[in-house]
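2 protein chains.
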Amino acid sequence: MSHPLIPRRDLDFLLYEWLKADLSYGRPPYEDHSRETVDAVLDLSERLAVDLFLPHYKQADQCEPFQDTSGAVQVPQAIGDALWQYARAGLFSAGFPSELGGMNLPYLVHAASFSLFAAANLATSAYAMLTIANARLIVTYGTQAQAQQFAAPQIEGRWFGTMCLSEPQAGSSLADIRTRAVVDGDDEFGVRYRLTGNKMWISGGDQSLSENIIHLVLAKVPAEDGTLIEGTKGISLFIVPKVLPDGRRNDVTVAGLNHKMGYRGTANCLLNFGETSGAIGWMIGEPGQGLRQMFSMMNEARIGVGIGAAAVGYRGYRHALAYAQERLQGRKPESKGGPPVPIIEHADVKRMLLSQKAYAEGALALCLYCAKLVDEHGDEAAADLLSLLTPIAKTWASEYGLAANDLAIQVHGGYGYTRDFDVEQLYRDNRLNPIHEGTTGVQAMDLLARKLLPEPASGMLVLRQRVNATSHMASEFPALAPHAESLMKAWSEIESAIEVLRDVPRPRATDNAVPFLQAFGHGVAAWLWLEQALVANRALDKAGANAFYAGKLQACRFFFDFELPRVPGWLAAVVALSDAASSATPDIF
Amino acid sequence: MSHPLIPRRDLDFLLYEWLKADLSYGRPPYEDHSRETVDAVLDLSERLAVDLFLPHYKQADQCEPFQDTSGAVQVPQAIGDALWQYARAGLFSAGFPSELGGMNLPYLVHAASFSLFAAANLATSAYAMLTIANARLIVTYGTQAQAQQFAAPQIEGRWFGTMCLSEPQAGSSLADIRTRAVVDGDDEFGVRYRLTGNKMWISGGDQSLSENIIHLVLAKVPAEDGTLIEGTKGISLFIVPKVLPDGRRNDVTVAGLNHKMGYRGTANCLLNFGETSGAIGWMIGEPGQGLRQMFSMMNEARIGVGIGAAAVGYRGYRHALAYAQERLQGRKPESKGGPPVPIIEHADVKRMLLSQKAYAEGALALCLYCAKLVDEHGDEAAADLLSLLTPIAKTWASEYGLAANDLAIQVHGGYGYTRDFDVEQLYRDNRLNPIHEGTTGVQAMDLLARKLLPEPASGMLVLRQRVNATSHMASEFPALAPHAESLMKAWSEIESAIEVLRDVPRPRATDNAVPFLQAFGHGVAAWLWLEQALVANRALDKAGANAFYAGKLQACRFFFDFELPRVPGWLAAVVALSDAASSATPDIF
Chain F
451 MSHPLIPRRD
461 LDFLLYEWLK
471 ADLSYGRPPY
481 EDHSRETVDA
491 VLDLSERLAV
501 DLFLPHYKQA
511 DQCEPFQDTS
521 GAVQVPQAIG
531 DALWQYARAG
541 LFSAGFPSEL
551 GGMNLPYLVH
561 AASFSLFAAA
571 NLATSAYAML
581 TIANARLIVT
591 YGTQAQAQQF
601 AAPQIEGRWF
611 GTMCLSEPQA
621 GSSLADIRTR
631 AVVDGDDEFG
641 VRYRLTGNKM
651 WISGGDQSLS
661 ENIIHLVLAK
671 VPAEDGTLIE
681 GTKGISLFIV
691 PKVLPDGRRN
701 DVTVAGLNHK
711 MGYRGTANCL
721 LNFGETSGAI
731 GWMIGEPGQG
741 LRQMFSMMNE
751 ARIGVGIGAA
761 AVGYRGYRHA
771 LAYAQERLQG
781 RKPESKGGPP
791 VPIIEHADVK
801 RMLLSQKAYA
811 EGALALCLYC
821 AKLVDEHGDE
831 AAADLLSLLT
841 PIAKTWASEY
851 GLAANDLAIQ
861 VHGGYGYTRD
871 FDVEQLYRDN
881 RLNPIHEGTT
891 GVQAMDLLAR
901 KLLPEPASGM
911 LVLRQRVNAT
921 SHMASEFPAL
931 APHAESLMKA
941 WSEIESAIEV
951 LRDVPRPRAT
961 DNAVPFLQAF
971 GHGVAAWLWL
981 EQALVANRAL
991 DKAGANAFYA
1001 GKLQACRFFF
1011 DFELPRVPGW
1021 LAAVVALSDA
1031 ASSATPDIF
Chain Z
451 MSHPLIPRRD
461 LDFLLYEWLK
471 ADLSYGRPPY
481 EDHSRETVDA
491 VLDLSERLAV
501 DLFLPHYKQA
511 DQCEPFQDTS
521 GAVQVPQAIG
531 DALWQYARAG
541 LFSAGFPSEL
551 GGMNLPYLVH
561 AASFSLFAAA
571 NLATSAYAML
581 TIANARLIVT
591 YGTQAQAQQF
601 AAPQIEGRWF
611 GTMCLSEPQA
621 GSSLADIRTR
631 AVVDGDDEFG
641 VRYRLTGNKM
651 WISGGDQSLS
661 ENIIHLVLAK
671 VPAEDGTLIE
681 GTKGISLFIV
691 PKVLPDGRRN
701 DVTVAGLNHK
711 MGYRGTANCL
721 LNFGETSGAI
731 GWMIGEPGQG
741 LRQMFSMMNE
751 ARIGVGIGAA
761 AVGYRGYRHA
771 LAYAQERLQG
781 RKPESKGGPP
791 VPIIEHADVK
801 RMLLSQKAYA
811 EGALALCLYC
821 AKLVDEHGDE
831 AAADLLSLLT
841 PIAKTWASEY
851 GLAANDLAIQ
861 VHGGYGYTRD
871 FDVEQLYRDN
881 RLNPIHEGTT
891 GVQAMDLLAR
901 KLLPEPASGM
911 LVLRQRVNAT
921 SHMASEFPAL
931 APHAESLMKA
941 WSEIESAIEV
951 LRDVPRPRAT
961 DNAVPFLQAF
971 GHGVAAWLWL
981 EQALVANRAL
991 DKAGANAFYA
1001 GKLQACRFFF
1011 DFELPRVPGW
1021 LAAVVALSDA
1031 ASSATPDIF
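Here the protein sequences line up with chains F and Z, keeping their order. Residues 451 to 1039, numbered by my numbering, are exactly what the first sequence covers, in order. Residues 451 to 1039, numbered by my numbering, are exactly what the second sequence covers, in order.
It is possible that some hints are incorrect.
When chains are identical, the list treats them as one kind, so a pair holds in a single copy or across two.
To be verified - Mimicking DSS-like on lysine-lysine, the simulated pairs with C-alpha atoms at most 25 Å apart in a straight line are:
1. K470 - K992
2. K939 - K901
3. K901 - K683
4. K901 - K782
In case anyone wonders, no lab produced these hints; they're calculated from the structure.
Working from the sequences, and respecting the hints, build out all of it.
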């Protein structure tokens, strides 16, 4: 293995043999692209990821960010060097239109490129992911002057960006934020405000890497009597730079760093806004639109988390595979003596490797499928399906990427538990993903309460059509027909559960949203594995024996034999409307 | 909550209300014990665990063992201080008979005591666990002179002990060990040997805490032509002290320390035996008996791992519970506005807490049940059942203790991912338990290939009788009758799977041993939850409303609604004899 990242062979399979990404190249809005331009981006991404993101993977874990005597946050320079080359390669700007200096790369290609960097170094990649999302938000909702001043340097990769949502007392519950913004005049960048408040969990909140940092801050504008509007309606969005356009330092200070279990290269800060004179910021768009603006980026942000989680799971699998091929231990059960064999010969090691393959490749496929839906601008069915699948992409990739990392440790045995190998760090890094950008519990509520229970659940209709179409195609191949049948059965059970829940008043209908999401997620993953198997099956029919396609078929079969049967176990409590959890009173614990 | 360890209320429930531990007190071999003497031991254990083991929990993680310039391993002194008080309290010797300075404590009580120390500080407790096991082995199989010289100081807690099994090239595969022992004469301690070889993963392999370290080393005595006997038959067991009886240092050197993800207070070493003149050691018992001797201790060692894993899971649950009671965030779905509520009010937080309760209390119950079987000397049914349940106690507690720790992080949200809280360290510490003392894969083979497939599977007959008896009792209570029915159904599915596997030649019958073990483990856990529920149900009938008993009933109901339904999902691939994993060839990955 030349590197432990996602093999280009698999990315090409997913992008071209399965998702037919090239059908959109050469046509608006991607008329400037061809297989060649995209291949060049992926070649470059692979090279940069291997040469610049991978080498400081352990260093950034061992030398975590710290505040120097001036209070500034210091981060290993290798992170800055890698991101500087990422900028030079045009990858900050890649997804933006040419008038903003970009190459208008399809989001699907950006996602594939990002998967390589995330596999190499999730924490370093996070700076780029946040900066790109920040700039895109300003470009989308800000004025031209705001975009020119605050987004353009981020698109160049000279400045980095953050998203400031949570506060110490308000994590997932944004209605309760207390940061306030008071009008301070206006200037070329719009109405100017003074902000005061504390923001928690700010990734990249301070660092020694970029010339400036643009904070996008959710805050409330108080009424004349000084009170804040209750709930989420009063939330607006503000651009708050670390260094102001006139070169002065803004009133933003680092109150502390969070010392994390993993993901350590990403400095994570508690920021105080306006400790002295009030932090200067400019509102984006209209008052009260902050949450809507922020959440309009949420599909991409959550798919981004999914891509990262899948990529980290994938890399763990590749390490485990390499170890299992090399490590000699034990003998095959049917042999009498003889030398030890590579542990990949043992049935249970195969099971652990196939689980990882099914989880990691499945999660990547799911996230890239969603990324393609992002690119299908103006297609209502695609938009509905994307909205439905986003909480699954985020959660399934996070939960099973981590499960893959857990198994990667297990394949390594005691060695996997030591810091001499990478798999323990991958496991620690990936543990954040089920938490940030909306926990698994938050995603489950989004899926059930917002996307499925209200009728018509238009995303669900699209999904069901596509699942049926896949099953129908698969049913014509003897090797896949039993899977097609299992898939239809699983989805009919999932749909029955939705029917049951629709007949029940809330909150009871959503009390067991997480087990429901687990079942739904496995249903989606199984569907996409059958999709991959169809492609592999056709290719094998044409080309004859081929280990890559055989691997896809084996992983699909594994998923249907070992994983899909778990669905009824999760649905049991859901359809029984069990209140064994929700009826618990605090005293019984 | 006065401390985050296992509540005494639950230990008392498990020991007395459920397991009726006091029925054995006052009668041989426990004629010196009464509820009072045992309570004193548990009181003392709780106090020492809280006052001496808990305070350096984080310090031992942050200041991990290192080799000083002389090559000696330095460990934080707080670990030594805690263990010295543990020794002063007579807890090293507690399980040994009075003629060896002990108090002949039942193993069940020792296990309950140990659970408190493991919850407080698993890594510090490990030194005691290993030392006690080492001394017990010498006392059981060694000569009186060996016991006097090498076991007695360990029973006093002045010297510590290790178990040296694995070698760098031979982890789980002990047949391949290459450490050799050559006769060097004989003396008062028996036949004396010179040992040469490398031993890997030696917990406590060197440290700065005890006056001496007694290594128990598996090695092979070469034939006259210098060759080693193939397989496990040639393995013997040797006592190899760090400091020899005459005060000289033995030829044992630390070749390196393993830097682990967690469990860091326990120094884990690669040891070289006999780099110069050969390490001096004395054989225990007869040649070729090494593995048998070592494995005669294995039930207790594996239950010990299970207890530790359960205890760490339990402590995580207690932290999550405290956090959920205090942390204010969000509102109940039915409320309109108002102040934020403690997150324990949210259905999904309740689900996560109940999962942890079901896993952690369930795992502790399982391990204590096994500990009681250890005490039932001479009862053949108990011995058969213990042999069957040991791989479950080890694995289920390890896997679900860790799962509980994962959920404890999730309840804390982002805070749980930081080192300001303890739950991330508990998660890292517990990740070792599914690996050491036989991985989950090794346990699954033990369960299926050794304990269940060969007929008569006498342990299984005992288990089935007891499951039936529990179900029969439960079926008389309306609240428990549905669980009784579910339990019978699950066990009949598990038994059908065993029948299917018995008709299949190996290795195929054992290819999917791990999913089988997962199903079996949940079946056992469900049975013991129903046992606990029966006790709680009777107590409620007598005493009226009581939150503790209500909690036991709620956790039981939760397990039957949310967890037991997972059993068919694991069995599906088993009974289908799926070769989707085992047929994978190395090239398809």
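Against the structure, the hints:
1. K470 - K992: Within one copy only: 18 Å inside a chain, 69 Å across chains, cut-off 25 Å.
2. K939 - K901: This pair counts as within: shortest intra-copy Cα distance 22 Å, inter-copy 36 Å.
3. K901 - K683: Within. Shortest intra-copy distance 21 Å satisfies the 25 Å Cα cut-off; inter-copy 63 Å does not.
4. K901 - K782: between (50 Å within a copy, 20 Å between copies)
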